[in-house]
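Student: Quick mapping for you: the protein sequence lines, in order, are chains P and R. For the first sequence, my numbering begins at 884 and goes up steadily by one. For the second sequence, my numbering begins at 52 and goes up steadily by one.
Take the hints with a grain of salt, since some may be wrong.
List time: in silico DSS-like cross-link candidates among lysine-lysine, alpha-carbon distance up to 27 Å [stated by the list, open to error]: (1) R:LYS98 <-> P:LYS1034; (2) P:LYS1064 <-> R:LYS252; (3) R:LYS324 <-> P:LYS1122; (4) R:LYS324 <-> R:LYS95.
Far from chain P, some chain R residues (derived; all Cβ distances over 10 Å) [what the hints assert, rightly or not]: (5) THR123; (6) HIS198; (7) ASP224; (8) ALA337.
It is worth saying that the hints were derived from the structure and are not from the lab. Heads up, the beta-carbon is just placed ideally off N, CA and C, and yes, glycines get one too.
Listed below are the residues making up each chain.
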Amino acid sequence: MKIFVTVKQVPDTSGTVAVNPDGTLDRASMQTIINPDDMNAVEAALTLKDELGCKVVAFTMGPPPAEGMLRELMAMGVDEGVLITAREFGGSDTYATSQIIAAAIDTYGVEPEDIILAGRQAIDGDTAQVGPQIAEKLHLPQVTYAGEIRKDGDVLTVKRILEDGYMTVKVHTPCMITCIKELNKPRYMNIGGIFECYEKQVVTMTYDTLKDHPLIDKSTIGLLGSPTNILTSFTPPQKGAGMMLPGDGKETTDKLAGILAAKHII
Amino acid sequence: MDFRLTKEQLLVRKMVREFAENEVKPIASEIDEEERFPAETVEKMAKLGMMGIYFPKQYGGAGGDVLSYAITVEELAKVCGTTAVIVSAHTSLCCAPIFENGTEEQKMKYLPDLLSGRKLGAFGLTEPNAGTDASGQQTTAVLDGDHYVLNGSKCFITNGSVADVFVVFAMTDPKMGNRGISAFIVEKGFPGFSQGKHEKKMGIRGSSTCDLIFEDCIVPKENLLGKEGAGFKIAMATLDGGRIGIAAQALGIGEGAIDEAIKYTKERVQFKKRISSFQNTQFQLADMHTRMQAAQFLVYNAAMKKQAHERCSMEAAMAKLFAAEAASDVTRRAVQLFGGYGYTREYPVERMMRDAKITEIYEGTSEVQRMVIAANLGVK
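Bound conformation, chain P alone (with noise of 0.2 Å):
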């Protein structure tokens, strides 16, 4: 039995924003930390290794420094790491991104019993989309927004935790899970763990080794593969700091409703 997760490197958002030519995010310059639904995914993913003794396996696409990112992984308990990276894949927008990522995942092999953890969205597109489109590329049953998961041999229990309600629902093995931040809290690195990541195993796929496979073709991968494009990435302007005006009596409200009339708002 294998666990599969699914990360991404997102810009850090306390940092700066740098954004490409084509209007694509520069993730290369930007300060990054792991995505934090994928922290969720990783923590699910390693729980049940702890209960079951399985091997979880990371999967992220992004530039090659994005292994940094694998070993703090494995650093928590990720036994093997794997790095899509190649110059055809970048700019993909959802669509593609999830065709690479599942043709990455059935490379290195689905079997019955295993299970594909992702994080509800990531924070730099929110678009939740890839988990989902990884799943009906593989031709995968999926559960969405899992907020409790529990195995019981071939079948997973999984709550879900919607706007308005929960929605309990049973799905067999091999499938899709997309995990959020009510799941669990992320474990920290272990120290015993740093000083063991890097002697773990990073496998590099490249254009070159996913070529062959049905999902990859020039026109689904990439920048031009991609059927949604950005028109324009910025940075909004920074907001100035709100003023407090203390108090509820009407020699506040008349405070208030002076400052407006001289900004000419009323």
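Following the hints, position chain R against chain P.
Tutor: For chain R alone, coordinates are given in the frame of chain P:
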């Protein structure tokens, strides 16, 4: 000297920094106020391998290095001096002497529990009349068949009331002076051993500091650590390593105070300007950072020498002397930059100033460090 950290050391810093921010900082003020030992934090640190960082995996350690240990203590101390010294005393003063001087049987018996953090360690050298003059040990150990009988007391023992295993020094042959001192591994449950009064301290108030009392305490002969008469040498070598831990603690406290001062001075407005825009603030912070950066070089250098199994008495003494005095100076200046707010417990800098002071005193006062450095220079 090459202070470029390895990938592993950078990850250790990142991991401990996150842990310190999320798990240690939120309760730092509370454990100081309540003088409460943070047992819950120790349990968390144990699970993450922080209680046996630079010891081999075969004994239950994390398989790391001494610099990673120093970085860990530094990062913890940035937010909580108490938590940092718990790790430092346990690691440097109990785990290290057993690892460096113990027989294979002693190592296999004690290290797995200590390095995994299932048990906590402490070190008993200081006595009411043997502080800076550690050679004046009055605790005695008399061999009686298959065990030693210890009598006497120790004071100011860090982790004293919460530790399970102690490395204790006692005079086995008073006629021999320093060479009559021996080291023992003492367990909390040994007959005749008890823990005495808890000290109420100025700083590091969450750490446990108490007396150890030996009244006809029975210590099995096989718990003699090293050879009979080798205790003083073991104590001094242990303190060389311990000083790196305390120097790292001082370093972190000073750096933590600078972090707080930068944050505060960028927010605080006086005379319609952020006080960070005043040249006095800028010069103060520049001096503070320069001092702590110099301290960091000394601490990391000593840690790397120890890792390389090189003699590091002088380097450890210089690191502790400089880092401790720098931390006291920097935290005092941080309180001044905060003004009246800095003097209140609403902000952490007064705690940092109180915590910094002890680093000039324990594991050898600054005066002792100067004696060690001068002796290494051959100045008599």
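Student: Each of the hints needs a verdict: does it hold here or not?
Tutor: Structure-based check of all given hints:
For the given pair, LYS98 of chain R sits about 25 Å from LYS1034 of chain P by alpha-carbon distance, which is consistent with the 27 Å threshold. Proposed proximity of LYS1064 of chain P and LYS252 of chain R is contradicted: the alpha carbons are some 42 Å apart, above 27 Å. Taken as a hint, the LYS324 of chain R and LYS1122 of chain P pair is honoured in the structure, with Cα atoms around 20 Å apart against an allowance of 27 Å. The suggested pairing of LYS324 of chain R with LYS95 of chain R is violated, with an alpha-carbon distance near 43 Å, which exceeds 27 Å.
Chain P draws THR123 of chain R into its interface by the beta-carbon criterion, the shortest separation being 8 Å against a cut-off of 10 Å. For HIS198 of chain R, the condition that its CB be more than 10 Å from all CB atoms of chain P holds, with the nearest at approximately 36 Å. ASP224 of chain R, annotated as away from the interface, keeps every beta carbon of chain P farther than 10 Å; the closest lies near 41 Å. Against the 10 Å criterion, ALA337 of chain R stays outside the reach of chain P, whose nearest CB is about 24 Å from its own CB.
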